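Just so you know, the protein sequences line up as chains G and D, in that order. Each residue of the first sequence is one higher than the last, beginning at 1 in the working numbering. Each residue of the second sequence is one higher than the last, beginning at 115 in the working numbering.
Hints in this document: simulated from the structure, not taken from any laboratory. Mixed in with the good hints, there may be bad ones.
With beta-carbon atoms standing in for the labels, derived distance ranges [claimed, not checked]:
no.	chain 1	residue 1	chain 2	residue 2	range
1	D	Glu-175	G	Met-27	18 to 24 Å
2	G	Glu-67	D	Ser-126	39 to 45 Å
3	D	Thr-132	G	Ala-80	30 to 36 Å
Computed from a predicted model, the values in this text were never measured in an experiment. Note that CB positions come from ideal geometry on N, CA and C, so glycine has one too.
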Amino acid sequence: DTEVTQTPKHLVMGMTNKKSLKCEQHMGHRAMYWYKQKAKKPPELMFVYSYEKLSINESVPSRFSPECPNSSLLNLHLHALQPEDSALYLCASSPEAGVLGEQYFGPGTRLTVT
Amino acid sequence: AQTVTQSQPEMSVQEAETVTLSCTYDTSESDYYLFWYKQPPSRQMILVIRQEAYKQQNATENRFSVNFQKAAKSFSLKISDSQLGDAAMYFCAYRAGGTSYGKLTFGQGTILTVHP
Chain G
1 DTEVTQTPKH LVMGMTNKKS LKCEQHMGHR AMYWYKQKAK KPPELMFVYS YEKLSINESV
61 PSRFSPECPN SSLLNLHLHA LQPEDSALYL CASSPEAGVL GEQYFGPGTR LTVT
Chain D
115 AQTVTQSQPE MSVQEAETVT LSCTYDTSES DYYLFWYKQP PSRQMILVIR QEAYKQQNAT
175 ENRFSVNFQK AAKSFSLKIS DSQLGDAAMY FCAYRAGGTS YGKLTFGQGT ILTVHP
């Protein structure tokens, strides 16, 4: 089973709202990722968690706050977003070190900031 | 820094025909991995095929195969017997070796249209 699930599928929020995106995988992967993708553009890496610890932060604004409560779950907390943050947010996971490390993506959350 | 270039913003193919998507990359690393991902209009990114840089043999997955030219830093994807379901945005991606948690560097993508 190579499934990564994401909720919600769609989210509309105002600039003063606080919301969270959720990502879950049950493949035993120990690395999880958040990407941001604009239409017809490649995904841009935001964060990487390795063994539930933040290992990469690609200089993402603090209005995005990641959290990894356990090895299967990854959250992205959103606060005071800007309209330019509207995008598709993709979660991905990959197996432990020593294997190919290919990333498996979820279907994404379509975020609209009004 | 590593870069990945896909020089074909759009490509089209007739159903049942063969099409090749181009990808070149730039790196000073000797240990790395290359991937092709497919993103259909439904938007879920799917891994199509992967290649380890240390392997000389080109990877094959059913109708999908790659032409990996390490010296030329080229990694093209060939789709044989194209099907309507192959229509998607295709991304070439690079990841440095040494750790499995490394960053994927994507090309700009190629939109593939399949005509019936």
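Of the hints given before, which are not true for this structure? 3
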